[in-house]
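Using the sequences and the hints, build the whole thing.
Line by line, the protein sequences are chains V and C.
Mapping of the first sequence onto this note's numbering: position 107 corresponds to residue 115, and the numbering continues sequentially without gaps.
Mapping of the second sequence onto this note's numbering: position 83 corresponds to residue 121, and the numbering continues sequentially without gaps.
Derived by calculation from the structure, the hints in this document are not laboratory data.
Since the structure is predicted, the reported quantities are computational estimates derived from the model, not experimental observations.
Virtual Cβ for every residue (Gly too), placed ideally from N, Cα, C.
Warning: the hint list may mix true and false statements.
As a list, the in silico DSS-like pairs of lysine-lysine whose alpha-carbon atoms are at most 30 Å apart [stated by the list, open to error]: (1) C:Lys71 / C:Lys196; (2) C:Lys117 / C:Lys146; (3) C:Lys196 / C:Lys150; (4) C:Lys146 / C:Lys196; (5) C:Lys63 / C:Lys150; (6) V:Lys217 / C:Lys217; (7) V:Lys217 / C:Lys117; (8) V:Lys217 / C:Lys150; (9) V:Lys217 / C:Lys196; (10) C:Lys150 / C:Lys117; (11) C:Lys217 / C:Lys71; (12) C:Lys117 / C:Lys196.
If you want a taste of the chain C side facing chain V, the calculated C-beta under 10 Å gives, among others [unchecked claim]: (13) Arg116; (14) Asp119; (15) Ala121; (16) Arg316.
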Amino acid sequence: MQRIAHTIRDGVGFDVLLIAFALFYLFAFAGLPILYNVILSFQQVDMFSLGSLFHEITGWENYVAVFNDPLASRVFWNTIVFTAASVFFQFSIGFALALYFNQRFPGASWIRGLFLAGWVMPGLVVGVLWNWLLSGDFGVINWVLMSMGFIDEPIFWRSDTDYSLIAVILANVWYGVPFNMILLAVGLAAIPDDLYEAASLDGATTWQKFWTITLPMMRSTIGAVIALGIIFTLQQFDLFAAVTSGGPAGSSMVAQYWSWELSFRQFDFGRGAVIAVMMIVVVLGVAAIYVRSTRQETRL
Amino acid sequence: MTDATATQITVENVDKHYGTFHALKGIDLSIPKGQFVALVGPSGCGKSTLLRTLAGLEGITSGAITIEGENVTGVPPRKRDLAMVFQSYALYPHMNVRDNLTYALRLKGVPKAERAQRAEEVAATIGLENLLDRRPRELSGGQRQRVAMGRAIIRNPKAFLFDEPLSNLDASLRVRMRKEIRALHDRLNATSVYVTHDQIEAMTMADHVVVMRAGIIEQHGAPLDLYERPANRFVAGFIGSPAMNFVDGVIAEDGRHVRLGIRSNSTIAIDRTLEAGREVLVGLRPEHIALGDAQDASAAFTVGAVEPTGAVTYVFSDDEPELIAIADGISTLKRGDTVGFSIDPGLVHLFDPETEIAIP
Ligand SMILES: Nc1ncnc2c1ncn2[C@@H]1O[C@H](COP(=O)(O)OP(=O)(O)OP(=O)(O)O)[C@@H](O)[C@H]1O
Ligand SMILES: [Mg+2]
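See the structure below:
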């Protein structure tokens, strides 16, 4: 006993203690819920059996049911479109803004800071905000598009099945741009000026400097930002709840929202868990990419 | 081969303001082809700023810069065809040595095979053959310095610009690289502008030394000209190590001697005739002060600190202002001794105490 107390004070034991604590934390608050979720996905859980800890095991039944659901392929493609479009536009707009504000002009850092204001807003507030902007009758977006002559009659963004997913993507891009911009701006600021100066003397144009210096030097930051973007987008729930509720007719239904709807609307927790399990697999894959790119960062 | 009279770079009446700060004040300079020019001066005097305006990395407020007769004021760096070696080396961290060396060639569209061959040649010139596949972070400071040099010479630029390239190296490597850079300059028949705050570096490497202070050129000329005929007190004190001694003095009745304002009653001869009673500032280089017996000298001081270095001994006077003289490596002088000194009249520097300009 005394020896244990000794090594904890002297070092090695203390390291082990710290790691054990972190692992315990991870296990209790991330591992157990994930495990329980996996178990749930193989069980029959409804309103009536919800209270008990153990449920009837049904094997792959929930998985089969989810894959055979008429909504399944729609949700699958919607999730991919939603994630890909959101991440693509968040990243490109965020990168463009980061490059712009990396220029030194008066007020640049202040304005850059203001962008964070959008990011600190709760998702539901952003959702309500975009509800107004996208409103069919008196929405600002319609008004702008109409007065600029792009459209003749108002688009009912939230209730038209052709536009409902785009509506949520718009809101989500707006919501995610500041985060992308700030992380990318930090990466840009870390590139020493003298590299650009050396490249200028070596004959590089602005465009060539971007391709041969900026992009390669930003590789690990870009990898991390995109990985985080995918993870955050797959977690995005509030905007769906506020803007379209996955509708109309499932036209803007994505996996994370469907999982919630199956579990808490239809009280079929087993099937809700199936979707959650599949999303966890995807997120773990993306997280692995994230870890790899941040590891490269420290090696540079 | 080189036309010695051809001017490679001229700087005409260049002013540079950073906001309200006047960093360069009416700089005029003309650099002949093939010359090695050193810009020296204390920290903050504008050496780097001047170099960066030559490179085009900084714009100028007024004036003109020409390279090979072409006015390049306002021309971006990439079109000036100059190469620069940065103090930080500024190697591209994501490229290996070969790619660092050939970056400029790649931008110019030189084919890959030719680039590889040029990289080999340059690497051989500067001793980097075995390091071509390494990344900069896998190199020592001295090796990085060589890569930075290699990156400059591979392009055959119109001129080389160096901004304190050796200041991150240890003393012995610095002395070696000093010679290598100069040898490279001669071999390539290059034109070089070299910024340093180390006057020894400037004196040993350059054909022409430009001494700057607070945004102006105080004096420029061949190293020994600056040493023998400094135009003012600042240049006199900046060039030479240990620095020149400065003592107030008054011209004696005969106009051919000066009485030194030190505690002992000391008079030294000068090589010109000046108005009796005129107040002057006397500059005496430590290496020109000949120490001797106190009895038969017209000037003397009491010895304070004595610092033997082996080769020579630094002898300090116990006086205000303190004088430094250089004695033999093995000296028997000790604190409290009274020592006589003399100095060749031709080596006594005289300055006006008001303007600090050399008295002819
Ligand atoms: N971007 C800038 N903005 C404002 N002032 C500047 C800027 N760059 C340089 N200066 C000022 O201009 C003066 C000259 O700077 P410079 O870098 O040319 O000095 P230097 O002679 O190279 O000194 P050192 O030996 O320390 O490198 C300094 O007083 C510096 O503060
Ligand atoms: Mg400098």
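Contradicted hints - numbers only:
When the structure is compared with the hints, numbers 5, 6 and 16 turn out to be violated.
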